[in-house]
Structures are given as C-alpha cells and as structure tokens.
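Visitor: I would like the entire structure built from these sequences, with the hints used as guidance.
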Amino acid sequence: MRRQIEIVFNGTSRMIPDAWSVDELLSDLELSGAPVAVELNERIVPREHWASRALCEGDRLEVVHFVGGG
Amino acid sequence: MRRQIEIVFNGTSRMIPDAWSVDELLSDLELSGAPVAVELNERIVPREHWASRALCEGDRLEVVHFVGGG
Amino acid sequence: MRRQIEIVFNGTSRMIPDAWSVDELLSDLELSGAPVAVELNERIVPREHWASRALCEGDRLEVVHFVGGG
Amino acid sequence: MRRQIEIVFNGTSRMIPDAWSVDELLSDLELSGAPVAVELNERIVPREHWASRALCEGDRLEVVHFVGGG
Amino acid sequence: MTDKMKLGEREFASRLIVGTGKYRDLETMAEAIEASGAEIVTVAVRRVDLADSSSGSLLSRIDTKRVTLLPNTAGCYTAKDAIRYARLAREAGFSEFVKLEVIGDEKTLFPDNEALLEATRILVKEGFTVLPYTNDDPVVCQKLQDLGAAAVMPLGAPIGSGLGIQNPHNLSIIRELISVPLIVDAGVGTASDAAIAMELGADGVLMNTGIAGAKDPVGMARAMRLAVEAGRAAFLAGRIPRRKYATASTPSEGMLV
Amino acid sequence: MTDKMKLGEREFASRLIVGTGKYRDLETMAEAIEASGAEIVTVAVRRVDLADSSSGSLLSRIDTKRVTLLPNTAGCYTAKDAIRYARLAREAGFSEFVKLEVIGDEKTLFPDNEALLEATRILVKEGFTVLPYTNDDPVVCQKLQDLGAAAVMPLGAPIGSGLGIQNPHNLSIIRELISVPLIVDAGVGTASDAAIAMELGADGVLMNTGIAGAKDPVGMARAMRLAVEAGRAAFLAGRIPRRKYATASTPSEGMLV
Amino acid sequence: MTDKMKLGEREFASRLIVGTGKYRDLETMAEAIEASGAEIVTVAVRRVDLADSSSGSLLSRIDTKRVTLLPNTAGCYTAKDAIRYARLAREAGFSEFVKLEVIGDEKTLFPDNEALLEATRILVKEGFTVLPYTNDDPVVCQKLQDLGAAAVMPLGAPIGSGLGIQNPHNLSIIRELISVPLIVDAGVGTASDAAIAMELGADGVLMNTGIAGAKDPVGMARAMRLAVEAGRAAFLAGRIPRRKYATASTPSEGMLV
Amino acid sequence: MTDKMKLGEREFASRLIVGTGKYRDLETMAEAIEASGAEIVTVAVRRVDLADSSSGSLLSRIDTKRVTLLPNTAGCYTAKDAIRYARLAREAGFSEFVKLEVIGDEKTLFPDNEALLEATRILVKEGFTVLPYTNDDPVVCQKLQDLGAAAVMPLGAPIGSGLGIQNPHNLSIIRELISVPLIVDAGVGTASDAAIAMELGADGVLMNTGIAGAKDPVGMARAMRLAVEAGRAAFLAGRIPRRKYATASTPSEGMLV
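Chains as they are written, first to last, in my numbering: chain A, 1 to 70; chain E, 1 to 70; chain F, 1 to 70; chain Z, 1 to 70; chain S, 1 to 257; chain B, 1 to 257; chain G, 1 to 257; chain P, 1 to 257.
Honestly, the hints are just simulated from the structure, not real lab data.
In silico lysine-lysine, DSS-like type, Cα no more than 30 Å apart, as pairs: (1) S/Lys244 with P/Lys6; (2) B/Lys107 with P/Lys244; (3) B/Lys107 with S/Lys244; (4) G/Lys107 with G/Lys215; (5) S/Lys215 with B/Lys244; (6) P/Lys125 with B/Lys80; (7) S/Lys215 with B/Lys4; (8) G/Lys244 with S/Lys107; (9) P/Lys215 with B/Lys244; (10) G/Lys6 with B/Lys244; (11) P/Lys244 with S/Lys244; (12) G/Lys215 with S/Lys244; (13) B/Lys125 with P/Lys80; (14) P/Lys215 with G/Lys4; (15) S/Lys244 with G/Lys107; (16) G/Lys215 with P/Lys4; (17) S/Lys125 with S/Lys80; (18) B/Lys65 with B/Lys6.
Stretch-level coverage of chain G by chain F, calculated; a stretch enters the list once three of its residues show a Cβ under 8 Å from a Cβ in chain F: (19) 16 to 27; (20) 33 to 47; (21) 60 to 72; (22) 78 to 88.
A quick note: this is a predicted structure, and the numbers were derived from the prediction, not measured. For every residue, glycine included, the Cβ atom is placed at its ideal position computed from N, Cα and C.
Guide: What follows is the structure, encoded as structure tokens:
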C-alpha cells in the first residue's frame, strides 16, 4: 500500500497517497470537472498541468470556485 | 332678403341672418360636426338644442374646442 | 347667611355666595391681582367691570392666564 | 572695479559683483530685513548663513515671501 | 398585471398622465403620447379660432378610443371661471373627467385653494370626476378628499419649472393621510423625478413641459414611461433600509489565508 | 437600438450589472438576474467547501453563454491579495474581466486607492480588463484611466448602505473629466437612485444589496432594469432647464371673457 | 446697529422669537430666553389651575419690560376658537400681538388656511397685530398680507419635528412676492436651519422645541441666537455665486520654477 | 470658555481659519480678518516681485503676535514641490505650521492623495505641524492621521466653488473614524455651510473665497465667525431628534370648552 503524505488543502490538513497528482486529488474529491482554480504554494496550477503536477509533503493547495458576491 | 342681426361670436362682432339657429350658424362655419361646445350668454346650449335655439340681436356666443394643454 | 348659587368655574361646578361679583370671587381665589383674563358666558369681562359684574346661578366663568407655549 | 557675474534671481538673469554674499545682494535689493526666505540652487540658505555664503556665476537664487493665499 | 390605477369609475394600466401643450408640432405630440404609454391625456378648452385652419386637428391626432381625455381649467383664477370651463369641457367632450385648476398667482401658478375647494364642492355635486391640481398641503388634500374629489394632485414644484419634487416629506405625509389616489402634478423635470414621486407612494404622475420641452420629446416620453413603471415597481418591491455604514454583499467565509 | 455599453472588447445592451450575493436562495437569485436583464453579473472567489454539497451550484443557475461573469476581489485589503484573487478568478473563469476591489476600511468598505492604483497597474499589464471599484475622487479616476482601467466605478454611497448618490456633483465632474466608461458601483437603494446615476451621465450601474435585500428581490430587479433604462433615455433625450418660476403648459390665447 | 425687525408698531433688535413650552423647569426656561437674546417670547392661554400652586409663575420669570409677550392660539381648530383665545390673550396681556394658529390636522399640526384667513380678517379689524402661523403657500401668504397681517409665518417643517427647512424654494418665492416681514415658524432643529432661513431672506425665526428639547437648552439658545445673527449677516453681506469647478484663492503668479 | 481647538502644540479659541487671497485691497483684508475673529490665517509663498513696491506689505497688515500664520503650498502638483514650499515657508516664517496642498487636477483643484501622503510622511519627520488639505475620503484621512498629520482638512466642495458641504455623510463618517482635529477646508459659500460643518462635528472651518469674494467681505467675515460659533454651540448642546410628524410645543391641558 502506498505511503500517505500530509498536505494542507484549503487551510485544513489532509492525508493523501504519496505522489498523487493534482488531478488525482481533485478527481477523488469529485472536483476535477468543476469550474475551479488551483493554487499550489501560492502559484496557480493551470488546468492543463493538473495531471502532471505531483503533490509533495507539506504542499499548500488552494482550490477555489465562484460563489455569490457583489 | 332676410334681415341681418349683430351677435358677438367668440368676442368678435358678427352679422348673421335674423333668427338663424345655433345649428345654422355652426353649419355655416363648418363647425356643426366638430367636437365643440356652445355657450350662449354664459349658458351652455347642449348639442340637441342647437337646431331649435334661435339667435337674437346682441347674443353673446362662445364656441370652444380642445387645444393642447397641460 | 347668604344663599349659595352654583356656577361653572373653568369647567367645574362651584358653589359661591349669591350675587358675588367677579371681583369677589377672584379675590377669594387670590387671583384678583394676577394677570388673568375673565370670560363670562363666552363674553369677556374687562378688569374694570369685575367689581360691578355680579354672578348668577348657572354662569359659566372662564379664568385664563399665560402658560408656556410655542 | 569688481568683475560682474551673472546669476538667476527669481527666474530672471541678473549681473552682480563677483563674490557678493547673499546678504550683500539682499541688502542691495532692500530685502535683508524683510521676512523672506532664500533658496540657492534648490537648497535653503538659512538667514544666519546669508553673510558667509558667496554667490557664484550661474547660481540660481530664489527669494520668496508671503503673499495673500487661501 | 393587475396593478391598475382607478380614477372615478375607470381603471388605467398606465400611471403616467401627459399633457398636449407646447409641442413643436402635432406629429411630435402624437409620437410622444404613443411613447409615453399614457392612457389619459390632458387638453385645454379654448375658443375656436376661425382664422386657424388647423382648428380641430388636435383630436385628429389622439385615439380617443384608447385614451381618456382629461380637460383642464388652466388659466382660471376664480371658482366661477373654472366651473364654466369644466362644464364646457364636459359638453364638448367625452367624459365627466376634469383636471380642476384655479390659479392663485400668475408668477408661480400656485393654486388658490379656497377657490379650488369651492369649485370642487360644486363640480362633484354636478357629477364630475374631479381631479384637482393643488399644492402639497396635507390639510387641503384632506378637505378635497372629503368633498369627493376623485384624487388629489399636489404639485412637486411650480408648473414647467422642472425642479423635481421639492418637498418629498409633505408628499409622504399626504400619502399616509389620504386614501384617494395621489397624483403628483407639475414640476417633473427628468425621469428620476417621476420615479421618486412613485416611490413616495404616488398612484400616478402628470406632466407636460418635462416631455414637450425636452430636446427629444419622444425619447423623454419613453424615459418617463419607464421611470413611472420603475418607481411603482420599486415601491411595491419594498426597498432596503438606509444604513450609515457599509454591509458587505460578498461573504467573508472561504477566503484564502 | 445601437446604444451599447462597451467594456474592454465586449459590448452590452444592458447597462445594469448585478451581484449574486445575499440572496435567500439560488432560485430567487436566478429569477432576479432574469428580471434585471443584466448581461454581466458579479461573483466572488472563495475556497471550495467540501462539506457543502451545494458547492458549485451557483454557476448551475447562471447561463454563462448569455451572461458575462465579473469576478470581484471583495474582502482584499492589499494590492497583493487582490491580484492573487484576480488571477485565480481568471483561471477558474471564463474571461479576463475583474471587478477590482482593494478595501481600505472595514466599517465603510471604502477603497484603498493607493493599493488600488498599484493593483490596476499590474493587472492591466497582465491583460486583465480591469473594472476598479473606487470612490468619487476625480483625481483617482483620472489616474485609473491613465493606467488602462477599462472603466472607473466610483461608489455612490457605502456598499450595502442604500443611501443613494451622496455626491452627484463629484460624479458629474468625473463624467466630464474622463472618457472611459463610468459605472456607479454601490450605494443604490431604490430605482430613482439608479435613474439619477444614469442621468448624471453614467454608462452603467452596478448593484447587489439593493436588489437582493429588497422585500421582493425579483420585483426590485425589474424596477432597477426599468430605472436604468429610464435614466439613460432621459440623459439622451436632454432634459428641460430648471426655472425658479412657473411657465404655463397651456396657452393663454383663446380664453373666454 | 440699525438693522431692526419691525412688527406692527414695534421694532426689535433681535430677530429670534422663542417659545416658553416644554422646558423641564422655569429656571432653565428663563436662562434659555436670556441666552437667546429674544425680545419676543410666545406664551399660551390656558385656564388657571386652582390646584396648581405654581400658577402664575411663568410671568414671574419673564421680564415683560424688556420682552414682548406673543400669545398664541395653539390648539384651536376653528376660526371662532382662535378668535376667542386671541381676545382673552389681549385682555390678560400687555399688547395687541397674537400668534394666530388655526390647526387643520392633529398629526401634522398644519394650518387650516381657510379658517386662518377668516380669523385674520376679523382680528385685524379688531386692531390686533396678527402674526399668522401658516404653511409655505405663496398664495395664502399673499392673501394674509392683503388682509392686513403684520407678518407671515410659514412653517419650515412640522412643529417640533426638527426637520429643518423642507422647501427652501417656496420660502424664497414667498420672500420675493410679499413685502411684510417673513418669519419662519416651526421645524428648526439645529443652528444651521435657522441660518438657512435667514439667508433665504427671512426677517426672523420662531422656535420652541429646537431649544427646549435640546440636551442643553441654554447652550442651544445661544447657538440659535448666533445662527440667526450669522444668517442675517450673510444675507446682508451678499454671498459668492456657486460655481461647478474650482477657482483658486491663491495666485499662480510668482511660483518657483 | 475652555472649548479650545488644539493644533500641534498650540491652542486656539477661534475655530475659524481664514485666507488672505483675493481681497480687493489689504485694508479690506485686515478688517475682514479682524471681523472674523480668526487666530490663524493662511498665506502663500511666492517670489518677491522687485517691481512691485507693495511687496512685503501683507505682513504689515497682520498682527503676527495675535495671529498664527499658516503658509500653504497652493499651486504644487508634486510632493517634491510641496515639500520645497513648506521648507521655504518655515524658513521665512514664524512657525512649523503648514497647510499642505498637493493638487491633482487643475479644473477641480482636488488633491493628489498619493502625493499628499508622501509629502505628509516627510514633513512630519522634519518636524512640521502638517495640516493637509484632502478630500472627504475616510481611508485617506485615516492614513494621514497614522502618518502624524496634526489634523485632517477634507474639502466640503471644490475650492472657491461656494457649493457648501456636498457630502455630509462622508464628513460624519470621517468624524467618527479619526481622533485628530477635523477641519473642513474649501467649499463654504455662506454662513449656514460653516454651521453645518461644525454641527457634523468638525473642529474648525477654513475658508477664503467665501469671505473675500462676498459683496461685503467684512460683513461676511462677521457672519462666518458667528456661524462657526453657532454650529459649535449647537453641536455641543445636542440637537433634538428628527421626527416625521409634529409634536406640539404648547400643552393641550387647560383648554376652554
């Protein structure tokens, strides 16, 4: 079984399998098809890099979407 | 030939044949079919009395209609 | 002893000796020197008539003065 | 006779004797006692340095005072 | 939509009443009335001018099947004169409606309310649907209502001044004190003035110069129609309360850190 | 009608921009947007909330083919934060539009114009169509224009206050000094406020609380649509001048004697 | 200074008229009158209350040698009642002055102008110096003047409301149309309201609640005295015209380069 | 009276600051200053004009023992220029006071707040008592306070416009958010404008054109002195609340029946 690493997802600590890509995580969270944007350690990860970008221990991931606002 | 009498029509003196009815005068002026109202000596003459109401020397006749206003 | 009569003083019934003058009543009420005005049965009684004007049964007397107002 | 040099006084070219001090110039202009301030080549010259500060060819001198303003 | 304005026995979908004076030509007037969507238009009563061949042409440009004529008594300075014009108007016209004006001062064209009350009393008895032009005096408006006026029509500002609603507070008070329709008559200069009147709870707005005197009367007529509808809709929808400080429209939850 | 509002490279027939915050439910929001006729709606950028199954549903209720999304940077107090949100919004979104907010004070939600200018400078360089929320300062508005902002969006009153246009004079000055579109953003409480903004020469109006917080948001959305159209039409039609005294709308010729 | 206000046959150096109602105690009232500098104070006419030992004490606190009493007819709803109170006041009092009020509505305390005109007509014939409380109706003010009123006293806003001058435009018109003194009576809430009234050309201002109801009535009385003097002085001094754009107060000549 | 205005290390009994520009002659200026009661007067720094024999005469007409000079930096469009003028003023002058102006636009004479903040930062460090002219932006006012400005001086309206306080709401907000003195600078056209500023809680008012441009500058100076005192007194006395409806000032008890 794969080793688990700890990342920070939207401000909350989360354990995920080592070397998961952004895409694998978002798929797991059922977000991969959603109109969201991803920031990894304060840099944006464009959607076309989600599959190739692997997550590491301690990574801070922000996944945002649109909510109501004025 | 019929005797002429003087009446005041809308503030202006006017000679008309003696004993003309209101209707005869208005017909002569091409006003009998128009949406006008008639006042004779400060009393209204309803349209149905135009034919029967004869004009006398010195009658003051007012014939009004609608114009633009606010 | 003098007969008593009933008058209405400022809206309230009051018994006073018969034939009292306005001045006698106001003196009794310690108002004769005050800056008041007197109305008897809805007619003003000037100050110079207070002594001569006798009160009768049923008289309606109003005695007013100045109060705070805007 | 002393050599003349050219300076710029309040934006206007002016010939003055060589090596005049600020104070000498202002005295000549009857300004030495006035409530004015002096700037030489964009640096303020405090009143206590007026006597010791000599003027050179090409110096730009600004002498200002208070006028009406809001 | 069932939000109708009822005046006398009639109901109107439009809450904008427009005048027919001061247009550069009848063509423009007709287009402006069309653009305004008005179902009531005011007209004046004047002597037929035999020298003027255009006489009678006003009515040729108004579809009196669709539109109710509202004759006025403009120019009258006494109750007697106003009553005389009202009677002539009814005789000439198509209905018992009258916009009752009794002017008290020629510079301001403010009403003479004493005479207005007297004329209202008499014309109501004669069966007229009396729509009196008055000023923003709550006491006079109550008296007019008590005498049987079909509406009260306080001015927002002097006739033709274009100053807009000078005293919204009085109109708001009148709205609360009376139950007959309240129509703001006179003073509207631009669209927002009309909207403000409606937001104060007016049932309708009457105007002439604001449209006829605009650079583009037809465009302004359309603007006024929209503004009256906007003000009415806002009044019915219930505005937010006023607050001194801000209140965010975007949530603070979910921000990045 | 060819009277379009152009922002960046896009043209819009509607001049009303509405927010999506503070609605009681998405159903009401969707109906209100529909009733408003808006072709641009603002949205905020926030973290996905995994615990909230409704996540993502906002966009399900907005037809992004018909409507342009305008993400805001609400809640940001520094240029850096605002830029971060703007970039995320572009990544998540559908366009390069951003309603740029850098807040300077939490009680008033007034902008920090120094930071706003800095963020505008950077985002314009990155290709954004920057629509900055600012206050009614003519100098800041000119600087924003010089930096390449696609419009200036001064507030009429504090966000959510419903106080209406507090300083029409400043807006009028800004209108004369700048050439990019002028959009009044914030403070609109009722329909006439929106009409007034447009009559001052604004190209558009942006609002959220005024609609979402009304008793009947859908009714108020319709009122605002009509008011913006009314104000625009009045602005184009050219209002009458203001006069102190009256000027009769009915002719004095032809009166009885 | 020779800038006096003339009412009837009397002249007054002070243009502020103050009421005597609603004070917490007579001490405060006396101090406030003193601080206001008023030379005319209003009083009301009421039944002597035999049960109230303080009866009669009002006049003990007013120096009637220095100050003219102005009795009112407050609370009267008919011409007949107002006339009755006016006659009693003259009998009780020291002069022929009367502040004539005929109320038409108890919520607004607006005047019943029909009855007011009738009462004015009668009292003027009886030799009273009639100072009628009315509303800002130019036509009524002209009629009052024609009937011989010694001044006209339109309200700025409802009595005791503190709303300030609700319709400066009407007051300005009244000022131009009438020649008797114009005194703004009612509605003043704070000092600037009084100054505004005077700047519109009023000859004086009458107030009660604005002073008596302030937290510090004596301080507010002083504020009102200063404000009336300020407004009068500004009116006489002739204000600058309003301009849309700036005009520098400091010269541009003589700048450094 | 101990109600003093403290600026920097100095205290002033008068809360009116007046300018010295635009007078028809120095005689009138001197009389107007006297009538205004001002203890602070603004002056400008300009080149000595050798051709003008009147040079230097300004100070001959101001009693600098009684009055504090407040030099301005009018006409400066950059922080650098404003700092240069401030330094010269201190050198020429009698104190460390400076009315700091950095203009951002020549039509409106509105401030360039970015540059103003920069200049304030530097001059405060150099020991100046900085009184910055700004606009009614609460965020800028807070930043100025944080940088050590001795007061904030938002404009009421454009310099010399005479339009009065265009945005009382913003001034009221600024009053609540800052603790240093608040002086309304610019826009005052007549006495009531000054009173309104003080009633909003301003510590003082600064003006020039409103007095110098009046028909009778000395009379207007007196009006302004009275108005500032009136507004201050009213602010301290605590005004009555505003009510929609009337509240009688005369009791209803004791009426006749």
